[in-house]
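Residue numbers (the numbering used here), protein chains in the order written: chain B, 1052 to 1485; chain P, 843 to 1119; chain E, -17 to 250; chain L, 321 to 688.
Since the hints were made in silico from the structure, they are not lab data.
A couple of the hints might just be wrong.
[Unchecked claim] For the chain L half of the interface with chain E, some residues (derived, Cβ under 8 Å), not all of them:
1. Gly517
2. Gly578
3. Asn620
4. Pro670
[Stated by the list, open to error] Some residues of chain P that are not near chain L, with every Cβ distance over 10 Å (derived):
5. Ala878
6. Arg884
7. Pro1042
8. Val1085
Here a beta-carbon is modelled for each residue, glycine too, at the ideal position from N, C-alpha and C.
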Amino acid sequence: MSEGTRTIRIEALARVEGEGALTVHLREGRVEDVHFRIFEAPRFFEALLRGRDLTEVPDITARICGICPVAYQMSACHALEAALGMSLPSPLRALRRLLYCGEWIESHVLHIAFLHAPDFLRFESSIAMAQSSPELAEQVRSALQLKKAGNAIVNLIGGREIHPINVRVGGFYRIPRQDERAALAETLRAARDRAHALLRWVAAFELPAADHDYEFVALRHDDEYPMNEGRLVSNRGLDIAYAEFPNEFQEHQVPYSNALQCRRKGGGAYFVGPLARWNLNHDRLPPEAQQAAAESGLTWPCRNPYASIVVRAVEVLFAVDEAIRLLDTFEPPASAFIPFEPVAAEGVWITEAPRGILYHRYVIDTVGKISEAVIVPPTSQNQRQIEEDLIRFAPSVLDLPDDDAAWRCEQVVRNYDPCISCATHSLKLKVIGR
Amino acid sequence: MTSDPYCPHPAVLRSVEPETPGVATFGMEFQEPARAAAFHHRPGQFNMVYLPGVGEVAISIASAPGEGVGLRHTIRFVGRVTNALQSLRPGAVLGLRGPYGSAWPVEEARGRDVVLVAGGLGLAPLRPAVKALLAERAQYGRLWLLYGARQPSDRLYVAEYADWERAGLELLVTVDRADASWRGAVGIVPLLFRKLALDPSRTLVLTCGPEVMMRATVHEAIDRGVAASDVYVSLERNMQCAVGLCGHCQLGPEFLCMNGPVFPYERVARFLGKEHF
Amino acid sequence: MIAQPLTVLNTRRAPRPRLGVFKFASCDGCQLSLLDCEDELLAVADRVEIAFFREATRRPLEGSFDVSLVEGSVSAPEQEAEIRDVRARSRFLITLGACASHGGIQALRNFSRVDDALAIVYATPETISTLPSSRPASDYVHVDLELPGCPINKRQLLSVLAQMLSGGKPRIDQHALCLDCKRQNVVCVLVAHGSPCLGPVTSTGCGVLCPSYDRPCFSCFGPAPQPNTASLAERFQAIGLSADHIRRLFQMFYNQAPEFLEEARRHE
Amino acid sequence: MVNTSAVVMEKSELGNLIARLWAEGYTVVGPTLAQGAIVFDELRTADQLPIGWTDEQEPGSYRLKRRDDGAYFGYAVGPHSWKKYLFPARLTLFSIERTADSFAVHQGSTDVPRYAFLGVRSCDLHAIAVQDRTFLHGPYVDPHYERRRERAFIIAVQCGTAASTCFCASMNTGPRATQGFDLALTELPEAFVVEVGSERGGALLVGLNVRAANGEIEAAHQVTETTKRQMTRTLDTSDMPALLYENLDHARWDDVAGRCLSCTNCTMVCPTCFCHSVDEVPDLLGERSERVRQWDSCFNPELSHVAGGSTRPDIRARYRQWLTHKLASWIDQFGVSGCVGCGRCITWCPVGIDLTEEVAAIRGSDRA
Ligand SMILES: Cc1cc2nc3c(=O)[nH]c(=O)nc-3n(C[C@H](O)[C@H](O)[C@H](O)COP(=O)(O)OP(=O)(O)OC[C@H]3O[C@@H](n4cnc5c(N)ncnc54)[C@H](O)[C@@H]3O)c2cc1C
Ligand code: SF4
Ligand code: SF4
Ligand code: SF4
């Protein structure tokens, strides 16, 4: 089967957010070309933001992605607050971290149980998985309840699971009441066992062997596992402030895709997301999470992209505990938000979306209108890495029938939990300035 | 404690007879014999018909009191509930509560001439009045039924016309649009009035149909000398409780479900003509 | 035997009704709402056959559907044929959310000339496929029901499915948000705080989120029937909003809804 | 006049009164601060009352303000009315469960709270009496209202302040509460004068620290007299209902239709509006459904929906329906006006439409 030319084509990737296609061209047993094509229709967010009031940015950018709207709201608010020279008091900071925990849990569990696990267990979907045996049904049901607990956080702190309404530049609209917070903490405590069970479940999956020397890029914070702040670091010595991002990274248009790909300047692909965070911040996880990770057999460092699913489960566990800690130690602030007056300025920020670093940069004018916006989502950044993984990996599936080969290739893509809606939020307006 | 007036009672669908395209008559019977026995209605009253999972609507009782077993409802399939009813087959269980509302003045009509004027589905609530009048034919003077349908195939209860006529009803039918087979009148119902040899002083007029048609009928009758207090109309509005609590069916001071649907025209005259009131 | 044969979805007769979920230009949020029904998802999957749902299953697109849920706006050339194909395969087509029903937030670009922008922006604009504007499905095909929201409310989606499974044509409430504000004891943020709330002209459905978070509604459920936007805009002016602010309020998620489009124009 | 059997109760005793009610099995509800307004909610202690606060109301505007004293009841009426307890905004009437060959009706729990309403104003007492006529005194009785109503304990408060939107004096519904309560409090600077309106009211006082009143009775009387004089808004109700019936084509309806949002707020805050819808809420399995009753409004186009459209298809028709019903046809239906002059609909209309002004405009150019 390894003679001649062959093309493995997946017209539309399933179980990813958004619309993407994959083409792997093989010739004589060699990978000739790989195109991870994102055909999701472009939505021009960076253009739409021009002329809008800065207070509208968190609501508008949330709509880039229904799976990780909180990430957009977090990066947007922090970038704008940076521009306005504001820093938030610790209770508001804590609420934002809490909100992010909710999104990490909800998004990771969705990916683990619904999008990725069926690959490892060879089901078309988690619904088919649930319908196949009582044990798997229980597993799926438990994952759903865990996801619900994550959503409960976003629901309370954000107002609703998708496109939260309670986030604003300067803080929040309303601080959840004590009774609401207490009920949420209870829900989360009840979810801890499920988080452990999820980790045990995925840890038992048979991971294909892989080992590659990636450049991992993530935030790193002085004493926390990174979410909303930190410096941008890599395992190859990168250590920069947010503002330097454009000096080190650059987006490219590729002819076959509606999304731009981001690469290291003068270099190549890099890897963002849970595995990068794990490799760069493993020491910032609290002892319980570290121990659970160790028991699950996760190594550090870990260069197997298939292990991402395990890292996600570790992060879920961490986020549940972190959310409980944040709720238990919460002291309500005097006011739900810090008022501000607009000034002409520029602001840059990066936060850790579930899928990796999310860069926002805004230029605002004297009356608080946006004059320029740049957004670089994690999926754009991983896109080149995904292609390179496929080039490395494709030869090993050559002997499989087309459908199986396609499936194995998809699994490689899903290691990155690509969010295609995010990646096509724009047609790069950014290029204009250059 | 007061029992819940919103509560439907199970009834079994016994028969479905197609009447015209989009209209069928449903025969149904309360599941509990006691409830069936306790149910007494008067011509012109209506029931609330409930379809579990879908909703509840007001439907006139098309059968006369004491006419066979159970109750008959003639229903046009126009919306959510009625369309869902359309697919029911005998044996299905639905809910019923009633009877509600006022009735045609069948008793008051003794000794007088009666003109029944129906437009379209408006014949359904008049049918029990026809049956009641004919059941005691000798008690009344002349009995006319003026009936207007959109087209010949839209006429309800065609099979019964001969019996009615034999029993002493003078039936005049008109259609908006005739077809090749149609030999009768063409035009709007109120115009049929002009064909009647009325003695206005001894005539009662009962009408049910679209509001515009009823208004024209009323004017025609009054123009012919019938007293406004001798003209009865049956009105429709959205109804949800049927017991004067929910407020949907108001027309000025009237709750149509409780004080109506049948009114002496006099009582509602000043509001009926008000557009969108 | 209870009210048996059901009109819209036939639940009692095998096979189960087939459900398809389709995506056009969007954020995925509306279809995610279905996966966010953590307590009901498996029950839904039991009652209906989830026959196509790319975000959740590898099953290929085949056959026809009793109900199709369509997310996203038509904004690329090939999507015009796609939406027609979905319609042809579907008995009952429901659009999910602001994008599918009105073009969504990305329809803000309908206000500028995308062709020109493309040429300036792209080194090779010809490789990018996009339509000049972002359009609702109803511009191309008949839509049986539009579920409003950016995103939709999953409760409303479940209610629609439940109604169909019970044999009724689904309906949803579309009155002004204020009615539910009051039913839920939420104090009016416009009257009590002077916040520019769009609730009086916005369709209900969200569950009164913003006012219950001390925030004025910014209409992610779009216009209620017969919205008196002019009177509300006048009120906003009286409480000190600039024309530009009023324009932006009406140019959000439902910027293409005729009533909002027109009101925004009055404040240009 | 103030009931001469009135007694005097120290302000500090109010907490004991509340505790007493809870101990007797009542759920005490009354005014408290929330969401920037004085709303009704459960009260466990007296300090949950909006002590030292007042409300400033104008058409379309409501603002809380600090008072310069520590009055417990120094404000007028807020956005909530007692109907939210007696006629809940959303209520599952019963559920229907499909059985093998029929369906079964499951009535919801009949074990509703026994409410004690603390701080009921005179207008609201009249409003409750108006709703009694709707739900209890017609040919059909609503058991859901009945159950809540017959168990409710009512503590009125005589109004010591009128908002600019109040006009109870015009409607003969206040400011002095004379009947329909178990107890009525008049707040004096140092104490409450307590009138007893029923036997169970009197019984509740037994064991509380109260003393006979003397001079306080006249002082209490003066409180409402002053309030009455403060009231600036009036509604001329002469020749209702005829005035409105005869002006159904008045040009003012078009004028108000241009302003009205048809948002339903006025009907929702009105303590007498009773329109509701009954919806079918099926479950996913098709085995059970609920009959859910919710507040509805004549401003909701759906309310008058019939196959083929709405009976009142535009805002003009809907506003006209509301006003004529409230002030005119209500009298024909129930023998009283549907308006008790509480002014809520004026304050809580987002665009400040004022029914007294609309009536004045129609009257001013009556039959013009
Ligand atoms: C007293 C009375 C007697 C009636 N008798 C009959 C009859 O004998 N046969 C018949 O076919 N129809 C009759 N109707 C009309 C029937 O009630 C409506 O056609 C039916 O409510 C439509 O409901 P739907 O859910 O199918 O339609 P949709 O249009 O989906 O209506 C939804 C809701 O609107 C209301 N509604 C819609 N149309 C009407 C209407 N015309 N009148 C009142 N409420 C409406 C109902 O609450 C209904 O549930 C009568 C109505 C009344 C008030
Ligand atoms: S807060 Fe907004 S939605 Fe609620 S009643 Fe006020 S205006 Fe209406
Ligand atoms: S209140 Fe308005 S803006 Fe807020 S969630 Fe609801 S519809 Fe959207
Ligand atoms: S109509 Fe207005 S003033 Fe009169 S009782 Fe109702 S809310 Fe109060």
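Any CB of chain E closer than 8 Å to the CB of Gly517/L? 28 Å, violated
Status of the stated non-contact between Ala878/P and chain L (beta carbon gap over 10 Å): 14 Å, holds
Non-interface claim for Val1085/P versus chain L (Cβ beyond 10 Å): The claim is violated: Val1085/P sits with its nearest Cβ about 4 Å from chain L, within 10 Å.
Regarding the hint that Pro670/L lies at the interface with chain E, is the smallest CB-CB distance below 8 Å? 5 Å, holds
Identify whether the interface hint at Gly578/L stands, where standing means a beta carbon of chain E within less than 8 Å of its own. Since chain E brings a Cβ to about 7 Å from Gly578/L, closer than 8 Å, the hint holds.
Using 8 Å as the Cβ threshold, decide whether Asn620/L counts as touching chain E. 4 Å, holds
Just double-check Pro1042/P for me: nearest Cβ-Cβ distance to chain L has to come out over 10 Å. Since the minimum Cβ distance to chain L is about 29 Å, Pro1042/P lies beyond 10 Å and the statement holds.
Could you let me know if the closest chain L CB is still more than 10 Å away from the CB of Arg884/P? At about 16 Å from chain L, Arg884/P clears the 10 Å cut-off, so the statement holds.
When each numbered hint is compared with the structure, violations occur for hints 1 and 8.
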